[in-house]
Amino acid sequence: MGRYVVAAAGEIAPGGRKIVTVAGREIGIFNIHSEFFALINRCPHEGGALCRGRLVGLMESDRPGEYRLTRHGEMLRCPWHGWEFDIRTGQSWCDPLNTRVRSYNITVEPGATVVKGPYVAEMVPVTVEQDYLVVEI
Amino acid sequence: MNVTVLDRSPDAAAISRLGYVDCDVHPFIRSAADFDPFLSERWRKHRQTIGGRSRQAMANAANYPRMSPGVGMRIDAWPPDGSHPGSDLAFMRAQLLDAFGVAYGIMLPLVGRSSDERNVEFGAAMATAVNEWQATLWSDPEPRLKGSVQIAIEHTEAAIAELERRAGDRRFAQVQIPPRGLEPLGRRRYWPILEAIAANGFPAALHLGGSGGHPSTGGGWPSFYHEEHHSYVQSMEALVTSLVIEGVFERIPNLKVVLVEGGFAWLPSLCWRLDKHWKRLREEVPHLKRLPSEYVRDHVWITTQPIEEPERAEDLLHTFEWIGWDRVMFSTDYPHWDQDDPRYAIKVALPEREKRMLYRDNAMAFYRLN
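Chains as they are written, first to last, in the numbering used here: chain A, -4 to 132; chain B, 291 to 660.
For the record, the hints were derived by calculation from the structure and aren't laboratory data. It is possible that some hints are incorrect.
[To be verified] For the chain B half of the interface with chain A, some residues (derived, Cβ under 8 Å), not all of them: (1) Ile365; (2) Asp366; (3) Trp627; (4) Asp631; (5) Arg633; (6) Tyr634; (7) Ala635.
A virtual CB, placed ideally from N, CA and C, is assigned to each residue, including glycine.
Between the sequences and the hints, there should be enough to build the whole structure, so can you do that?
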């Protein structure tokens, strides 16, 4: 397991995302309401580039004619077949027990810590003044 | 917890080595003016000032809006310059033909709307234009792509002239017919066209979609796209039944039909039902000399996408056996939202021989691509 510095924390605005290649795999980094999430850029259904999909809300209904739309921007919809995944858990909405997209632990670390290591930071120039996003793989 | 994280082996190299044939690829226009060079002055003016009149209320809209935004397209299929998915040959090569080592791609253009145009003379002019567009803008620069001859099916004379004009032109693989017509396809009024298709060595391809002006289910118009999507199965069942029961395959013994994007798991049970009732009702249809299923087995091919996925993935093998392994041909439906990836679409391991048949050999033989 390694810890990889993938971006400066200020680089991805709320609602924004960045797709990085870490240890040979593409990972999507998302800033949702100033929380960060990291998911593999590969849909468990047929391998579509999931992290290029739209962020949508959670649409639910208890009975025909009623609906509620909550958790705005927290469901990631695959650009191919529209499968939706909860960005917090990686769980598939249509098959939550059996299908999930691989997600990674991501933390915000101060530059001073990152400079000390042991992190892999060749992708991002690090200074002590900034905070950084660190993904564990 | 047993969680699926795409643990099937992405055997891209094997698929590429196979050189598969993709039996459903959709080229698109950059703008409607793309057809103008292939229209006479008279019809160019007509297109620009009057436009098409299809058999539905909103002339330039889908009856049932699809994935939105995205107009029913795979979201990552927009070429870099922002033009419509399917409209850029270089991007189609990168995303499909080269990515998977496609040996041949069979194009089914769903543009131009020649088949359901109410002004049948304009429809015939558009059919010619779409055919020229396929040949010169797609098949000429990319010989792996083969076209589907468009015809205005309600203009018999023009339709036959158009497909005869394309006979022997290896840039065209088949004649495309709308599955939702004014009347069921087996009716006598369509026989001259079906005879001409067979006589000129073409298969007839029926790709779902379009509007015949009738509600898309026997019970009327559906409310949802989800509901409409399934109604294509009914369209396909109706036309197979019509072709068989009307005696088209008795009349035209060398007619080959391929059903594109209509699914296929329904086909065996339809045959079982038709066979059962033929034993009881055959006096009504004495022109049928054999079991309905035998006509289907001899004359009907299917493409895979969208695959009905049984709960137990291995049950799919039974479905293919019932239909006949030599009748199943792989398709992606690129670049539409519900397209299949050749590496993952079939969720059960196929025996090696059957795999070759399904991905390649059946289509090579069907379209005489060797």
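We went through each hint and held it up to the structure:
no., hint, result
1, Ile365, "3 Å, holds"
2, Asp366, "5 Å, holds"
3, Trp627, "7 Å, holds"
4, Asp631, "4 Å, holds"
5, Arg633, "7 Å, holds"
6, Tyr634, "4 Å, holds"
7, Ala635, "7 Å, holds"
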